[in-house]
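Asker: Required output: the full structure, derived from the provided sequences and hints.
There are 2 protein chains.
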Amino acid sequence: MKRVYLYDTTLRDGAQQEGISFRVSDKLKITQKLDDLGIDYIEGGWPGANPKDTEFFARASDLKLKTAVVVAFGSTRRVDVKVDEDAGLKTLVQCGAKAANIVGKTWDRQVKQVLETSLENNLAVISESIAFLKSKGLTVFFDAEHFFDGFKSNPKYAINALLAASKGGADCLVLCDTNGGTLPSEAASIISTIGKKVRSPLGIHAHNDSEMAVAVTLAAVENGVTHVEGTMNGYGERCGNANLCSIIPALQLKMGIKCITTAQLSRISDISHLVAEVANLPPISNLPYVGSNAFLHKAGLHVSAISKWRESYQHIDPKSVGNNPKVVVSELSGKSNIIFKAKELGIPLHPHGKEARQILEQIKQLENRGFLYEDADASFEMLLLRSMPGYKPPFTLVDYMVVIERHRRLPAAYDIGAQFLAEATIKVKVDDKLMHTASEGNGPVNALDRALRKALLEFYPGLAKVDLLDYKVRILEGNSGTGSLVRVSIESGNSKVQWRTVGSSTNIIESSWLALYDAMEYFLLKIDKKHRK
Amino acid sequence: MKRVYLYDTTLRDGAQQEGISFRVSDKLKITQKLDDLGIDYIEGGWPGANPKDTEFFARASDLKLKTAVVVAFGSTRRVDVKVDEDAGLKTLVQCGAKAANIVGKTWDRQVKQVLETSLENNLAVISESIAFLKSKGLTVFFDAEHFFDGFKSNPKYAINALLAASKGGADCLVLCDTNGGTLPSEAASIISTIGKKVRSPLGIHAHNDSEMAVAVTLAAVENGVTHVEGTMNGYGERCGNANLCSIIPALQLKMGIKCITTAQLSRISDISHLVAEVANLPPISNLPYVGSNAFLHKAGLHVSAISKWRESYQHIDPKSVGNNPKVVVSELSGKSNIIFKAKELGIPLHPHGKEARQILEQIKQLENRGFLYEDADASFEMLLLRSMPGYKPPFTLVDYMVVIERHRRLPAAYDIGAQFLAEATIKVKVDDKLMHTASEGNGPVNALDRALRKALLEFYPGLAKVDLLDYKVRILEGNSGTGSLVRVSIESGNSKVQWRTVGSSTNIIESSWLALYDAMEYFLLKIDKKHRK
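In order, the protein sequences belong to chains A and B. Residue numbers are given in my numbering: position 44 of the first sequence equals residue 1437, and the series is strictly consecutive. Residue numbers are given in my numbering: position 431 of the second sequence equals residue 1824, and the series is strictly consecutive.
Honestly, the hints are just simulated from the structure, not real lab data.
The list treats identical chains as interchangeable, and a pair is accepted whether it falls inside one copy or across any two copies.
Think about it this way: if two alpha-carbon atoms lie no more than 25 Å apart in a straight line, the pair counts; the simulated SDA-like pairs of lysine to any residue are: (1) Lys1491 to Arg1471; (2) Lys1426 to Gly1412; (3) Lys1549 to Gln1707; (4) Lys1651 to Ser1546; (5) Lys1545 to Pro1718.
Note that the structure is predicted; figures quoted are calculated from it, not measured.
Answerer: This is the structure we're talking about:
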């Protein structure tokens, strides 16, 4: 069976993405996880370029990696120094990595206009730089920058540049689509030409500027490339790099090329999310294979079909990549979604009974009033539970009042500079006991949230550990200005679990109240059920 | 030159994306913009499936479209009714659209297990349904659901299903990669086989589950397909649909296939952002071609290279798609932006004077607190005006108070069913006169807005004609829950002109006040300046 080597550059090229800034400890953590995933080569950074990258390589040599090799990135020598006097190359030798990847120019115009040297000298630069690193015992990759553009401009020179790298002893010639503008069919035809002229193993390094980095990569493999460079979640500058989280499953499950074990593949979703977490970026829900919505079913037609035959609307088994199918309910969806979902939640609903129809009707009415259940599982579950006979709420609202005042005699508040006050009072009943509390807050919803907790904590001390993790507001009818419907979505959680609720009204305070109410009640009924004081 | 027809399904398949819920007015607005872009066919929804889609088609026939044709979506007839008694097909005929797209099954196993009918009956269902719609004078597209999976399972049957559609008179047979699992090379080889057996024009409809919807679409075009279905920004269920914002530039700029004019292509970035705005989704910055980071250059090697040769790190000219290269913005370029902008507004600022620097400083501080001026020209202009010597405001705020009450003794309010009240009082000064007014509203901001107008109308009757056209809320620090910073953006307008303002605070009422205040003052100073009573 054909072997394809996986080369990850999340820590170097991926870190070029706006908003990513890895600490050394982040890089070490990701390296460990990529080794768990079975990645062959992990490019850790450009040692010497900044102190963080230098420190990474010093510490990476202490990591206990099962199979992965850490690679240091650099460039061919400066055009005006001798190879054994080039500071960059020296750093690659000394940094502690056993492999190096150096980038060099293969596009004639780049050599002349950007590098500002002769075409001949650039060939010498390439082969000497590689030969130097090889003589020090390193595995050496050559990143042929702008290779496809170079080939289109001057095929003979682009090939000569590759041959110079071969002559230097490069272990793999990596064809880079640096600007990301190459079509898969173009890449395929160029690579099959190259394969006939160059005998060294070939690699591919694609960027996503045409939304085809994954396709270019797979087209390259179909045409003989055996080394694939990419990043986790497709992170990278501009539109990102080729996404290993899409490439690996395609190689394994669709092209029959085994790179990692089945067990490793089933961890790819988790590791994708972990990398997002370390990068401090929200996980992208619609990412192929690994996103939380990758196997989501919303249309009633589809849900009814998958209840008959699970694979009918799935291109692979989600479990193979450690993901799960997800069914959501919405006004567009049919009764079958509700029954399916209720079953998942352990609430039996008869397929032909009137309950399922009534609940669907209620959801349609509520969605007409701005509620949206597809992203608010906990609110959906509360709606189901409240419709069950014998349902007993842990508390009930009697009244609330919120006052917001901007007054010249108030002190400037909360470092915003405005002189305002937000205060809430609330009355709730727990069993027969009426609690009447008040609280200030740095906004009206914050005040209401605090007053509610004050009222409930005496009975339910577990609430102290519930945090509001996310609070989102969406105006639904933009055209009626400040009189619009306002949808509020809340994510709540404690250290173990998160849940989402929704509320809607023309009054943002009431919308927030409804979402808060569902969030608290859900916690008390489903998560903290034994902890009533 | 080869002609490829563009078919947009943002309003139907795109709307399946989690979080998208278009109103009828949203759909009409998008239809108009897609017509401006030069899209040939715009699929508006599934008439009959829900009241919103039915209303859309009723109203869409009144739109003045330059070239686009609105298409209604539906499915082949039910397997157990006669074709002229099928409710769904009747609705397609009556809805007002001149073209219909019906989905039908071509995968043998789907026919048997999901549709639960015989293979022969399904062929009759396809050809009869299409013939019926053709007999009513419609242009008819056939969406061959799961075509590629069907072909892999039973090529003969899949082809027979297409031939049945041809026999019915379908104008185009659209090969759907419904589950999104097909590789571009597979699609290419299947399509070239089909092209030899089927004479009707072929289309492609790809999903992005393998991150290759754009590549599959282009591979299809390379192999003879002349009709391309996709969505703006790749919106769609699970991992999305084929992204027209990437497909159109590739067809035009890389494959030499002219679908729209150069002028239309240069509007694609703007229209992509507008669709995101209407969908109420944040624009995706790393989207190919149209994303704000698509041509971003970080400081260093690339920036120095592009200053020598602009195309050295760009795969196309960003202007061709209405986008701009983005280079790290320095403090200096910030100041020149402000001077440029002030000049546009007729406010002279000396390039080296301290005013420009002070204003830049103030903007930086305010943006740190959540204000965003790039989309709030009127707030920016008010900020400039207020910094001018001798500035005299048309009114000043003294105090306001807002009370929101949910009380069991209140009547159920505003058809939302909740028993709440929102009431505001405000004190403002106009010259030396103190106005103290009060108003209810259907939410706190609406109450405040009404109270303010009550106070000012006596002096400025023109305010009666100012509407709040749009009101948006964005939570800026998701992790501190209900204590987050809240940015409010308002669009105001009268029959002639619209303007946008912004406010930010942890208190949503205060944020709304700040945006309202700018909006009213801007109107009085810049638009209605002569109409003081």
